[in-house]
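Student: So the chains spell out like this:
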Amino acid sequence: MIISIEYFYWLAGVLLLITAGMILTDRTHPKRWTSGLFWALFAMVFLIGDRLSPFVVGIGVLVMAGIAGIGGVGRGTHAELHVKAARASAGRLGHKLFIPALSIPLVTVIGSILLKNTQIGGVPLLDPKNTTFVSLGIGCMVALVLACILTRDTPLQGLRESRRLTEALGWTMVLPQMLAMLGLLFNDAGVGTAVAHVTTAYINMDYRLVAVMVYVLGMALFTVIMGNGFAAFPVMTGGVGVPVLVGIYDANPAVMAAIGMFSGYCGTLMTPMAANFNIVPVALLELPDKYAVIKAQMPTALMMLVVNIVLLYLLM
Amino acid sequence: MQTVVNLWPLIGVFVIIIGFVLRFNPLLVVSAAAIVTGLAANFPLEKIISEMGEGFLQTRALQLILLLPLAVIGLLERHGLRLHAQNWIASFQRATVGRLLIMYLFVRETTAAVGLTSLGGHPQMVRPLLAPMAEGAAENKYGKLPAPVRQKVLAMCAATDNIGLFFGEDVFVAFGAIALMHTFLLGSGLDVEPLHIAFWGIPTAICAFIVHALRLYRFDLMLERSMAEVAREEADAAQELAR
Numbered sequence: 001m002i003i004s005i006e007y008f009y010w011l012a013g014v015l016l017l018i019t020a021g022m023i024l025t026d027r028t029h030p031k032r033w034t035s036g037l038f039w040a041l042f043a044m045v046f047l048i049g050d051r052l053s054p055f056v057v058g059i060g061v062l063v064m065a066g067i068a069g070i071g072g073v074g075r076g077t078h079a080e081l082h083v084k085a086a087r088a089s090a091g092r093l094g095h096k097l098f099i100p101a102l103s104i105p106l107v108t109v110i111g112s113i114l115l116k117n118t119q120i121g122g123v124p125l126l127d128p129k130n131t132t133f134v135s136l137g138i139g140c141m142v143a144l145v146l147a148c149i150l151t152r153d154t155p156l157q158g159l160r161e162s163r164r165l166t167e168a169l170g171w172t173m174v175l176p177q178m179l180a181m182l183g184l185l186f187n188d189a190g191v192g193t194a195v196a197h198v199t200t201a202y203i204n205m206d207y208r209l210v211a212v213m214v215y216v217l218g219m220a221l222f223t224v225i226m227g228n229g230f231a232a233f234p235v236m237t238g239g240v241g242v243p244v245l246v247g248i249y250d251a252n253p254a255v256m257a258a259i260g261m262f263s264g265y266c267g268t269l270m271t272p273m274a275a276n277f278n279i280v281p282v283a284l285l286e287l288p289d290k291y292a293v294i295k296a297q298m299p300t301a302l303m304m305l306v307v308n309i310v311l312l313y314l315l316m
Numbered sequence: 001m002q003t004v005v006n007l008w009p010l011i012g013v014f015v016i017i018i019g020f021v022l023r024f025n026p027l028l029v030v031s032a033a034a035i036v037t038g039l040a041a042n043f044p045l046e047k048i049i050s051e052m053g054e055g056f057l058q059t060r061a062l063q064l065i066l067l068l069p070l071a072v073i074g075l076l077e078r079h080g081l082r083l084h085a086q087n088w089i090a091s092f093q094r095a096t097v098g099r100l101l102i103m104y105l106f107v108r109e110t111t112a113a114v115g116l117t118s119l120g121g122h123p124q125m126v127r128p129l130l131a132p133m134a135e136g137a138a139e140n141k142y143g144k145l146p147a148p149v150r151q152k153v154l155a156m157c158a159a160t161d162n163i164g165l166f167f168g169e170d171v172f173v174a175f176g177a178i179a180l181m182h183t184f185l186l187g188s189g190l191d192v193e194p195l196h197i198a199f200w201g202i203p204t205a206i207c208a209f210i211v212h213a214l215r216l217y218r219f220d221l222m223l224e225r226s227m228a229e230v231a232r233e234e235a236d237a238a239q240e241l242a243r
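Protein sequences appear in the order of chains A and B. Those letters in the first sequence? Residues 1 to 316, per my numbering, in order. Those letters in the second sequence? Residues 1 to 243, per my numbering, in order.
Mixed in with the good hints there might be a few duds.
To be verified - According to the in silico footprint, chain A covers these stretches of chain B (three or more CB under 8 Å from chain A):
1. 36–49
2. 94–105
Said to hold, decoys possible - Some chain A residues judged to face chain B by a derived CB distance under 7 Å, without partners named:
3. Gly122
4. Pro234
5. Tyr249
6. Pro281
7. Leu284
If you're looking for bench data, these hints aren't it; they were derived computationally from the structure. Ideal placement from N, C-alpha and C gives every residue a C-beta, glycine not left out.
Starting from the given sequences, assemble the full structure and let the hints guide the process.
Tutor: Take a look at the structure:
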């Protein structure tokens with residue numbers, strides 16, 4: 001392939017390393033050394049992670065968690081453009097400000113759909129396994145060029161802004177990856193089988209409605225624990241869906257699968273384990289309550305679980 | 001059936017729940033849960049740490065979505081993107097938070113349903129565009145929002161993006177989850193067309209739109225009520241002061 005996801009790992013690593021460098025040289029930073037070390041370690045995962053043994057990376061992860069645990073990841077001060085100047089610039093640039101912002105999703109979509117199978121001289125243009133991520137990376141670079149031209153600011157300022165937002169997110173930025181890691185470990189350790197055993201072994205599924213409820217609510221509960229509906233699906237469908245709903249009650253497997261997965265998504269809406277959807281936006285929007293987004297989603301998720309039970313019961 | 005299942009790894013789940021409830025740093029909680037789960041499954045410590053490193057490396061791509069847009073978004077915010085989004089929506093007299101978010105929910109869900117899942121997202125859409133627009137629509141109507149109300153509006157923006165995405169993407173036949181379901185069912189001896197799985201997602205997707213749109217409609221009423229209360233309190237305070 002011509003454009004591999006590797007390049008964007010390196011780009012991410014360089015961005016993080018620059019952030020770490022800026023922090024380490026910032027004498028006014030309240031947590032200069034520990035914050036610098038935290039981001040430098042994170043940068044290493046992207047820059048040389050593949051060449052390190054997984055054990056060393058694991059130790060690095062534990063050190064990062066330790067730094068975050070003792071409150072070692074702090075936030076530096078940042079010179080923002082004066083409100084007046086920002087207002088003037090907003091007035092001057094107007095709708096043009098939307099162009100770079102919207103070019104990120106636009107390029108991502110074009111890349112991941114139109115250029116998906118493009119080949120140059122028999123070599124695929126985009127990393128075939130990671131078209132979306134690679135397209136997003138290209139989109140961000142296109143957008144950065146557009147933004148620099150439009151605002152007549154420098155890429156260096158872009159790096160400063162990247163540092164500002166990285167620090168605003170803080171350790172929250174690492175959480176989705178940590179949880180995905182935990183999900184893999186949960187799978188290996190057999191947490192899935194244990195949960196399926198607990199949810200199914202002690203409930204009498206002689207009634208069709210009870211069986212439907214066990215499947216729908218089990219998908220949701222399991223997703224709440226794992227943070228991911230994809231991990232819940234094989235366990236609950238293998239434990240209840242196929243043997244009971246299809247085997248005994250003769251359900252249409254397509255209906256069962258579709259509604260089962262959506263029930264898992266209801267779980268995703270309710271769990272801090274799905275950090276990239278539920279916890280990261282809290283940090284991005286700078287809300288004081290860590291669970292603000294989950295609280296906003298909870299009523300919709302619960303109502304949809306009821307809807308799913310009814311739909312599965314009627315349609316299967 | 002009785003003795004084969006090892007229930008000890010469930011301890012890891014309890015570590016997570018207790019850690020989150022007691023509000024320890026989540027990175028520490030997750031690390032602790034990983035180690036406890038591994039030990040409960042009789043893995044040696046070295047293997048647990050290696051698995052953590054391995055898993056962390058495997059999931060790096062997740063980070064790109066969050067990290068790469070930051071430079072552009074920051075640069076545009078510095079030059080007034082959020083301000084402009086706020087002012088622009090305020091020029092629509094009939095715009096309310098609820099109406100704006102219902103429209104966004106519709107666009108997000110339908111575009112996701114045809115595979116355009118990357119049209120939204122928290123770093124590139126919600127923070128720089130949707131959230132300031134919702135805030136602008138609310139301030140246009142009620143003036144400056146008190147902090148708790150403002151936070152509710154912003155949280156609802158993020159929630160609407162998630163809900164639109166989740167219930168839209170699963171209707172798209174080439175989406176990964178459909179492939180996963182198809183493969184798993186095939187492994188259980190059930191040959192189901194991926195198109196059928198996608199099709200039977202549609203009733204839930206439509207219900208999700210209705211349920212959340214109704215909530216957004218009621219969100220407007222809730223805003224109306226709480227802002228009226230704020231106004232009344234202010235009027236009372238002013239009267240008190242005048243006396």
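Student: With reference to the structure, classify each hint as holding or not holding.
Tutor: Now the hints, each set against the structure:
Residues of the region 36–49 of chain B with a Cβ under 8 Å from some Cβ of chain A number 8, which satisfies the need for three, so the listed coverage holds. Under a criterion of three residues with beta carbons nearer than 8 Å to beta carbons of chain A, the stated coverage of the region 94–105 of chain B fails, only 0 such residues being counted. Taking 7 Å as the C-beta contact cut-off toward chain B, the hint placing A/Gly122 at the interface is violated, the least distance being around 24 Å. Contact between A/Pro234 and chain B, as hinted, is supported at the beta carbon level, the nearest pair being about 5 Å apart and thus within 7 Å.
At a threshold of 7 Å, the smallest CB-CB gap from A/Tyr249 to chain B is about 14 Å, leaving the interface hint violated. Given the 7 Å rule on beta carbons, the hint for A/Pro281 holds: about 4 Å separates it from the nearest Cβ of chain B. A distance limit of 7 Å between C-beta atoms decides the matter here; for A/Leu284 the minimum to chain B is near 5 Å, and the interface restraint holds.
Consistency note: the structure conflicts with the earlier hints numbered 2, 3, 5.
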